[in-house]
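From just these sequences and the hints, can you work out the full model?
Going down the list, the protein sequences come from chains Y and R.
Sequential numbering of the first sequence, starting at 223, is according to this note's numbering.
Sequential numbering of the second sequence, starting at 223, is according to this note's numbering.
Don't take every hint at face value.
Which copy? The list can't say, so a pair holds if one copy fits it or any two copies do.
[Claimed, not checked] No more than 30 Å apart at the CA atoms, straight line, and that leaves these computed lysine-lysine pairs for DSBU-like:
(1) LYS570 / LYS664
(2) LYS663 / LYS570
(3) LYS570 / LYS522
(4) LYS522 / LYS376
(5) LYS570 / LYS376
(6) LYS522 / LYS664
(7) LYS664 / LYS376
By construction, these hints were calculated from the structure, which means they are not laboratory data.
Number of protein chains: 2
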Amino acid sequence: MSWVTAANAALLTDLYELTMAASYHSRDMRTEATFDLFVRELPARRNFLVVCGVEQALQYLSELHFDDDALTYLRSLGMFRSSFLDYLADLRFSGEVWAMSEGEVAFAREPLMRVTAPLIEAQIVETFLLNCVTFQTMVASKAARVSLAAGATKFFDFSLRRDHGADAGLKAARASFIAGASATSNVLAGKMFGIPVSGTMAHSYVMAFPTEEDAFRAYAHDFPEQAVLLIDTFDVAQGAERAVSVARELASEGITLRGVRIDSGDLPRLARRVRDILDEAGFSELQIILSGDLDEYRVKEMLDAGVPVDVFGIGTQMGTSADSPFLGGVYKLVAEGGVPKVKLSTGKVTLPGLKQIYRSYDGDHIAHDLIALEGETVDETVPLLRRVMHQGRRVSESEPLNVVRERCLSSLARLPDPLRELTESSDYPVHLSSELSALAKKAEEGLVVQSG
Amino acid sequence: MSWVTAANAALLTDLYELTMAASYHSRDMRTEATFDLFVRELPARRNFLVVCGVEQALQYLSELHFDDDALTYLRSLGMFRSSFLDYLADLRFSGEVWAMSEGEVAFAREPLMRVTAPLIEAQIVETFLLNCVTFQTMVASKAARVSLAAGATKFFDFSLRRDHGADAGLKAARASFIAGASATSNVLAGKMFGIPVSGTMAHSYVMAFPTEEDAFRAYAHDFPEQAVLLIDTFDVAQGAERAVSVARELASEGITLRGVRIDSGDLPRLARRVRDILDEAGFSELQIILSGDLDEYRVKEMLDAGVPVDVFGIGTQMGTSADSPFLGGVYKLVAEGGVPKVKLSTGKVTLPGLKQIYRSYDGDHIAHDLIALEGETVDETVPLLRRVMHQGRRVSESEPLNVVRERCLSSLARLPDPLRELTESSDYPVHLSSELSALAKKAEEGLVVQSG
Chain Y
223 MSWVTAANAA
233 LLTDLYELTM
243 AASYHSRDMR
253 TEATFDLFVR
263 ELPARRNFLV
273 VCGVEQALQY
283 LSELHFDDDA
293 LTYLRSLGMF
303 RSSFLDYLAD
313 LRFSGEVWAM
323 SEGEVAFARE
333 PLMRVTAPLI
343 EAQIVETFLL
353 NCVTFQTMVA
363 SKAARVSLAA
373 GATKFFDFSL
383 RRDHGADAGL
393 KAARASFIAG
403 ASATSNVLAG
413 KMFGIPVSGT
423 MAHSYVMAFP
433 TEEDAFRAYA
443 HDFPEQAVLL
453 IDTFDVAQGA
463 ERAVSVAREL
473 ASEGITLRGV
483 RIDSGDLPRL
493 ARRVRDILDE
503 AGFSELQIIL
513 SGDLDEYRVK
523 EMLDAGVPVD
533 VFGIGTQMGT
543 SADSPFLGGV
553 YKLVAEGGVP
563 KVKLSTGKVT
573 LPGLKQIYRS
583 YDGDHIAHDL
593 IALEGETVDE
603 TVPLLRRVMH
613 QGRRVSESEP
623 LNVVRERCLS
633 SLARLPDPLR
643 ELTESSDYPV
653 HLSSELSALA
663 KKAEEGLVVQ
673 SG
Chain R
223 MSWVTAANAA
233 LLTDLYELTM
243 AASYHSRDMR
253 TEATFDLFVR
263 ELPARRNFLV
273 VCGVEQALQY
283 LSELHFDDDA
293 LTYLRSLGMF
303 RSSFLDYLAD
313 LRFSGEVWAM
323 SEGEVAFARE
333 PLMRVTAPLI
343 EAQIVETFLL
353 NCVTFQTMVA
363 SKAARVSLAA
373 GATKFFDFSL
383 RRDHGADAGL
393 KAARASFIAG
403 ASATSNVLAG
413 KMFGIPVSGT
423 MAHSYVMAFP
433 TEEDAFRAYA
443 HDFPEQAVLL
453 IDTFDVAQGA
463 ERAVSVAREL
473 ASEGITLRGV
483 RIDSGDLPRL
493 ARRVRDILDE
503 AGFSELQIIL
513 SGDLDEYRVK
523 EMLDAGVPVD
533 VFGIGTQMGT
543 SADSPFLGGV
553 YKLVAEGGVP
563 KVKLSTGKVT
573 LPGLKQIYRS
583 YDGDHIAHDL
593 IALEGETVDE
603 TVPLLRRVMH
613 QGRRVSESEP
623 LNVVRERCLS
633 SLARLPDPLR
643 ELTESSDYPV
653 HLSSELSALA
663 KKAEEGLVVQ
673 SG
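Following this line, the structure appears as structure tokens:
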């Protein structure tokens, strides 16, 4: 099949990145350019973002190259000169990258990533970086809402079958784990990222046996201690009774079930009914797992209503960020040859220059952010942008995913209360430093930008 | 980086597919099972689906295997017996697959794909097939709406930066090309699928030159005959005037521009203004390309209003199917050992048995579909499900993408007029044959299903 891999990822780009690069090359335009990757405005219903995808972006930059196959294809287009294709053959990313840490919360206008490199290199990576960082940040931000709604109750990622293709499945599992999911159903994501995997049976399993009870009994024998029985193939209450009867049988063999799953119907009502059945039978340790078209709103609604549930299985809505299925990340030129430079077109102002973000705390909570020019003297002391790549090499090892996850959970815990709500809150204060404000004002007046 | 490839795709599955398989294996349950992949209900605002992703699904089935790396990981989970892992090591898909042709229109309840294989094989491929076929069908169905709205006006796929990861970018380009896009900005999709690629410059290109005119002149020299100038970096009308002045200069050198692109602002008003400027200057052959948050509604609105436009660049909304970002495809057991068998739980009835779909025509338009049992004698004569895999091997070569695209455009042309509208239409008639109706009724009464 046709897969994206390190060998061909350089071509996973918009053609215009290459035509612009070819033009820069033919004119020997090698000035150093700085681009910011950021989000102009938070999407509806989002009070914050969770940074995600920086790791994959850095891997891409580290591995970037055009192989013979890629060059042969580009030559076949008949639009590029040989000298440019020769240049591409030798191209490696040699730039410097600053980024916010994965798992950190971020807000509109804050650079999630800043790339400084010779113009061609900085330009050519735009499309991939946007695809990589904005998608994963979108899913992590959605999953963080599920995480806040679920509180102490666990949730698992069940999204793979509805994610947008294969790569999205992997990245959605990783992003949701970072934001607080305890496990994923996605086996390959488990293998690649070390995420705990979870899953038991589908309705087809129950139907493959002469009776529901036979199916339960068989599964529990094959996966003792781990069995979660799916009890809604026929009738949920009856399914729960059968689970109890199998649990009794197995108890005599020393086998314990883990729980039952309900995947359809009126979940709050069914969960209560099933909890009663299990408790009355003396199986109060059996867990109830609920799944089926759940999102943060339904999770909160059920927990607020005291529905007895031990784990939520969250799929489609989280993996596709269905209520806001894209994040308008942009990658904008902010400096060239060290000189701040921004686009001036109507309504879409970009903050000029090389910047740093500082975060201030008020007790246990974050209080406000300050975006300042790099090197500007400010009172704030906790910078959020770290240098992660220097001269094309990563400055440090990849972070273990658990470290990223801990950072995320701790950041979510330190959000001001209104931002932790599922409803849209008033904006978190993100201030501009005096020097940046002055520069932005000049830019608006056309004084910084050199062209026009 | 961590990529999905043919070597590890077998693990891109929900864990429960493997636990169920292990249980079937330990019990030597090798009966032949048949699963239908279908959509129970069309999403809001969709009058039809366009089948897409079958090609990738067949490639996956052809290549399916668990390599040592996969088996080592599965062993490390401590939940699978060695005998099962040995079985997986030798597993190849040996089943039979029937499918609707890519590019064909389809409706709710119609099997897009039918898989018959030994139970374990048929089960284990569920997650991947759903991920693969429903995502691509969703995007092709969205792109078909853009195609219907655009009519004779061309549109290009510009979605890569907002698609959900790398694989989604490839598949969105392919799906939208099938549904009528003339080109994609995605270079790798161009290479892999032979789709024409298109793209010129970003705002950063214009900003990299001392003046906008310098940028236009440089680009036109570097890409003579192909240059589309982006004229909204500063002021669109001024940009158009500058494009005219560069066009005049270049005309004296025998170089012709292709057109101009407007990517922001009030597109209808700006396009009219720019058309006037170009026409008055004698450059009526210069094309106008419009882009920036467009979807089928805005396309239709602009064309209905007579906005002068030659090409639409469609990105985010199409690549993410943003107004309906998931398609609830399911993969349901419909027969076992040749015996029709379906799940009975509340409200979600699956049509039992092995089925064929027949399409009837009324003049140039499709009139109704009939879902019948396979082998049932019916009056209708045009079957839609073709056998595409037999004993694990593909029955025919992959279809050239242009053939699939032609099929799609011809199918869209034969839709009844109400279904071609962007508003939700009354349902297209999909009938059940007498034998299938009788069987479905029996199933509802619990007479076909063997368990319970």
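Right, here's what the structure says about each hint:
no., hint, result
1, LYS570 / LYS664, "within (15 Å within a copy, 62 Å between copies)"
2, LYS663 / LYS570, "within (13 Å within a copy, 60 Å between copies)"
3, LYS570 / LYS522, "between (36 Å within a copy, 26 Å between copies)"
4, LYS522 / LYS376, "within (13 Å within a copy, 46 Å between copies)"
5, LYS570 / LYS376, "between (41 Å within a copy, 28 Å between copies)"
6, LYS522 / LYS664, "neither (46 Å within a copy, 40 Å between copies)"
7, LYS664 / LYS376, "neither (50 Å within a copy, 41 Å between copies)"
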